[in-house]
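Asker: Each chain, letter by letter, is given below.
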Amino acid sequence: MTGVSDDRALWLARNALPHEHALRSWLTAHKVRGIEPDDVVQETFAILAGLESVDAIRHPKAYMFKIAHSVIMAQIRRAQIVSISTIDDINQLTDEDHPSPETEVSDRQELQRVADAIDNLPPRCRDVFIFRKLHGLSQREVASQMGINEGIVEKEIYRGLKILAAVIGRRGKPSRRASNLEGARPARKRDT
Amino acid sequence: MSQRKSYTAIDDAAFSWVARIDRAPLSPSESSELEAWLSGDIRCEGAFARARAVMALAGRIGVLSPVATGQGAEPFGAPVGILRSSKPNRRWALAAGGSIAASLAVAALGLQLKAWTEAQHYETGRGEVRRVTLADGTVVTLNTATKVVVKFSKSERNIHLVEGEALFDVAKNPLRPFLVDAGRLRVRAVGTSFSVLRLPSRPTQVLVREGVVEITESSSDALSQPIRLAANEQAFARPRAPIIPSALAPEAVVRNLSWQHGMLSFEGTSLQEAAEEFSRYSDKQITVDDPNVANETITGLFSATNPAGFAHSVALSLNLNTWTEGNTIHLSR
Numbered sequence: 153m154t155g156v157s158d159d160r161a162l163w164l165a166r167n168a169l170p171h172e173h174a175l176r177s178w179l180t181a182h183k184v185r186g187i188e189p190d191d192v193v194q195e196t197f198a199i200l201a202g203l204e205s206v207d208a209i210r211h212p213k214a215y216m217f218k219i220a221h222s223v224i225m226a227q228i229r230r231a232q233i234v235s236i237s238t239i240d241d242i243n244q245l246t247d248e249d250h251p252s253p254e255t256e257v258s259d260r261q262e263l264q265r266v267a268d269a270i271d272n273l274p275p276r277c278r279d280v281f282i283f284r285k286l287h288g289l290s291q292r293e294v295a296s297q298m299g300i301n302e303g304i305v306e307k308e309i310y311r312g313l314k315i316l317a318a319v320i321g322r323r324g325k326p327s328r329r330a331s332n333l334e335g336a337r338p339a340r341k342r343d344t
Numbered sequence: 011m012s013q014r015k016s017y018t019a020i021d022d023a024a025f026s027w028v029a030r031i032d033r034a035p036l037s038p039s040e041s042s043e044l045e046a047w048l049s050g051d052i053r054c055e056g057a058f059a060r061a062r063a064v065m066a067l068a069g070r071i072g073v074l075s076p077v078a079t080g081q082g083a084e085p086f087g088a089p090v091g092i093l094r095s096s097k098p099n100r101r102w103a104l105a106a107g108g109s110i111a112a113s114l115a116v117a118a119l120g121l122q123l124k125a126w127t128e129a130q131h132y133e134t135g136r137g138e139v140r141r142v143t144l145a146d147g148t149v150v151t152l153n154t155a156t157k158v159v160v161k162f163s164k165s166e167r168n169i170h171l172v173e174g175e176a177l178f179d180v181a182k183n184p185l186r187p188f189l190v191d192a193g194r195l196r197v198r199a200v201g202t203s204f205s206v207l208r209l210p211s212r213p214t215q216v217l218v219r220e221g222v223v224e225i226t227e228s229s230s231d232a233l234s235q236p237i238r239l240a241a242n243e244q245a246f247a248r249p250r251a252p253i254i255p256s257a258l259a260p261e262a263v264v265r266n267l268s269w270q271h272g273m274l275s276f277e278g279t280s281l282q283e284a285a286e287e288f289s290r291y292s293d294k295q296i297t298v299d300d301p302n303v304a305n306e307t308i309t310g311l312f313s314a315t316n317p318a319g320f321a322h323s324v325a326l327s328l329n330l331n332t333w334t335e336g337n338t339i340h341l342s343r
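Taken in sequence, the protein lines are chains Z and L. Under our numbering, the first residue of the first sequence is numbered 153, with each subsequent residue one higher. Under our numbering, the first residue of the second sequence is numbered 11, with each subsequent residue one higher.
Think of the hints as simulated: they come from the structure by calculation, not from any bench. Keep in mind that the hints are not guaranteed to be accurate.
Keeping only pairs whose Cα atoms sit at most 30 Å apart, straight-line, the calculated DSSO-like set for lysine-lysine is [unchecked claim]:
| # | chain 1 | residue 1 | chain 2 | residue 2 |
| --- | --- | --- | --- | --- |
| 1 | L | K294 | Z | K213 |
| 2 | L | K15 | Z | K218 |
| 3 | Z | K307 | L | K15 |
| 4 | Z | K213 | Z | K183 |
| 5 | Z | K183 | L | K15 |
| 6 | L | K294 | L | K157 |
Build the full structure now, drawing on both the sequences and the hints.
Answerer: Shown next, in the form of structure tokens:
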């Protein structure tokens, strides 16, 4: 498969997606001028996907934060928006937010959350996911089962993925940014 | 940086690629289009990986049942579909002839509506093999000395294997899971073929001939991870031991299920084990007096209900003596 192996996709599902929300909150709370949290998340996933092996990663959440941190540092260097205070802030931040045991959600809870999210999809979308994912029918079989055409099934899968990503990664908040605003946004004051 | 793509545009494209790939393999031109898109921006790679992860995550609900059995989908007419592993993104090879259709299942739907609620009892005596077609089209083959209680409801098909061994050729209906309760183990299927053996003297065994089933321990809570058993795999519930699936050669599966034709098939089986197996099928017991003889191994296909014939051919091939005393057939040097 192009890009990402099935195994890695599953690893990301189990080890990265559950922490995406925390990472986003962290990135938003410590927003650096000119750097978009959404971009950092995407790059972080790209790096996790590209790692030769993930076997040695014992603390995926901490690891994910570390990667995000390095992504920010690289962007700062690239964009030459170095300011001493920014660097200081960022360095300081890495030691925060290390996952404590109680903040780790159990795999089972996470699965339950996904099941609930699927159950809450729009009806047709939910049915498509149940047939496709729970019962393992192919998209074609789902189409025939539900009496709709295959293109619609694919569209529902697309729609469902988007919603699920939002529910899992953003705890329900859809992407706030709809347009091409990179770098044009003024730095936001944050309180720590 | 002027033409930088927006986060949302990238994400949308990633989800749409993943949905497309989920539908059918990409054509060569689509593949290169995807390659080109991925290599354009590291964020595309990341968004794609993330979308693939969301897909994989959704696939993991295959191990949970609440969505399936709860207020899930409306019934869509004919119960069809093939249960296959819901492991994410595996490219399935559709089992031959396993496509949608099943006029049988359509007919079953009409029957579903009435009389699902009463329990039905089926049992076999020693040496008897019985084939029963249930109202949903499922065929249950009961082996010797077996008791089964069938109870169907609108959302589930429940079978209680009280004792013995049965083979289930389950009519496919993804909306109505087929559940076999065998004491310590619960086996869940949608449409598949598998057998369950439950005897006081042996660890409960589940053997899958076709499709996939999920096993849970009845003592565990609803959310514990079921054990997936695929075709040509078996699992035993040994006391105080975890349940671990093991693979079987297809021939071994056939051999294991030869009882449905009234035959017992042994391959390198010890005489002792074979004798115990025969004792399930008749009141006549085979006794092997000498432990060395008991450890001799035998291979062959025998009539399950003819222990004397079995003893006779074993005596011939291993150069043993055999004689009968009441209900006991002796084998010795």
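Asker: Could you run down the list of hints and mark each one as holding or not?
Answerer: Taking the hints in turn, this is what the structure says about them:
1. Between K294(L) and K213(Z) the alpha-carbon distance is near 64 Å, which puts this suggested pair outside the 30 Å criterion.
2. As the CA atoms of K15(L) and K218(Z) are separated by approximately 25 Å, the hinted pair is consistent with the 30 Å bound.
3. At most 30 Å may separate the alpha-carbon atoms for a hinted pair to count; K307(Z) and K15(L) meet this at roughly 23 Å.
4. Taking the CA atoms of K213(Z) and K183(Z), the gap is about 19 Å. The hint holds against a cut of 30 Å.
5. Only pairs whose Cα atoms come within 30 Å are accepted, and K183(Z) paired with K15(L) is accepted, the gap being roughly 20 Å.
6. The suggested pairing of K294(L) with K157(L) holds, with an alpha-carbon distance near 21 Å, which does not exceed 30 Å.
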